[in-house]
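2 protein chains.
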Amino acid sequence: MTTHTVQTVFNSGMAFTSDINGHKVLMDTTADDGGDDSGPSPKRMMLASLAGCTGMDIVSILNKMKVAFSDFSIEVHASLTNEFPKIYNYVKITYKIKLAEEDKTKMAKAVNLSQEKYCGVSAMFRAFAKMDTEIDFL
Amino acid sequence: MTTHTVQTVFNSGMAFTSDINGHKVLMDTTADDGGDDSGPSPKRMMLASLAGCTGMDIVSILNKMKVAFSDFSIEVHASLTNEFPKIYNYVKITYKIKLAEEDKTKMAKAVNLSQEKYCGVSAMFRAFAKMDTEIDFL
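Chains as they are written, first to last, in our numbering: chain A, 1 to 138; chain B, 1 to 138.
Just so you know, the hints here were simulated from the structure itself, not pulled from any lab data. Fair warning: this is a prediction, and the values are worked out from it, not measured in the lab. Check each hint, because a few of them may be wrong.
One copy or two, it doesn't matter: identical chains are merged, so the pair holds either way.
Think about it this way: if two alpha-carbon atoms lie no more than 30 Å apart in a straight line, the pair counts; the simulated DSS-like pairs of lysine-lysine are [claimed, not checked]:
| id | residue 1 | residue 2 |
| --- | --- | --- |
| 1 | LYS109 | LYS86 |
| 2 | LYS104 | LYS86 |
| 3 | LYS24 | LYS98 |
| 4 | LYS86 | LYS24 |
| 5 | LYS130 | LYS104 |
| 6 | LYS106 | LYS66 |
| 7 | LYS106 | LYS92 |
| 8 | LYS66 | LYS86 |
| 9 | LYS24 | LYS96 |
| 10 | LYS106 | LYS86 |
| 11 | LYS66 | LYS96 |
| 12 | LYS104 | LYS66 |
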């Protein structure tokens, strides 16, 4: 069984620093919630986790398929519930990528493989949110 | 309805950079998965989100209760499933904190309020993982 451990230390104000597999990440919140906006907000950081997870899948799959691509980016757009605890109940992932016309179906296949088989973060999100994906070919 | 948007750009190798409410966070993976380990792994970053979310609740609640504290940190320990997609199916949050003997029940109350009412990230985790919490009074 694989386990992951993350240590997070309170700094001051509302700021915390996490040690994530040896890399430090600062988190904070805005002045409205008593913070200094010195780092990303924890909840929004989950959306970056989602993009990173599925993004790495796509790169890995396209590389295996010998598909050349450029200008790859991912936009994650999420809606929060109004009541506490506020959770993301709808998430849309837009993959933006430039590749040859004949490789577009391979990109669609890579997205499906990531969403349906490999991306653990997407699978976790699907437990609490409705998820949509789209591909924007540049 | 509140919405959050995070933009994430592919750099090279397996590295991506997210822009999270104006703050850049680099993500990467280890050499085993074709990366350069230049930043935290996306999945583990979810555990930092969890710690930051509940940690900010605790600080906010203790401040409102006029409870003095020091040496506050949070350890998140999580188990992954063996099959793809690999998800966290068990998560233990250990809150470590130093405060006066008479304030220990207030800390316990703060943890309960965060877990049961305020922390959206904890609520999202509860949709896919068994969750335990403990407080380690230093």
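Among all the numbered hints in the text so far, which are the ones the structure does not match?
none
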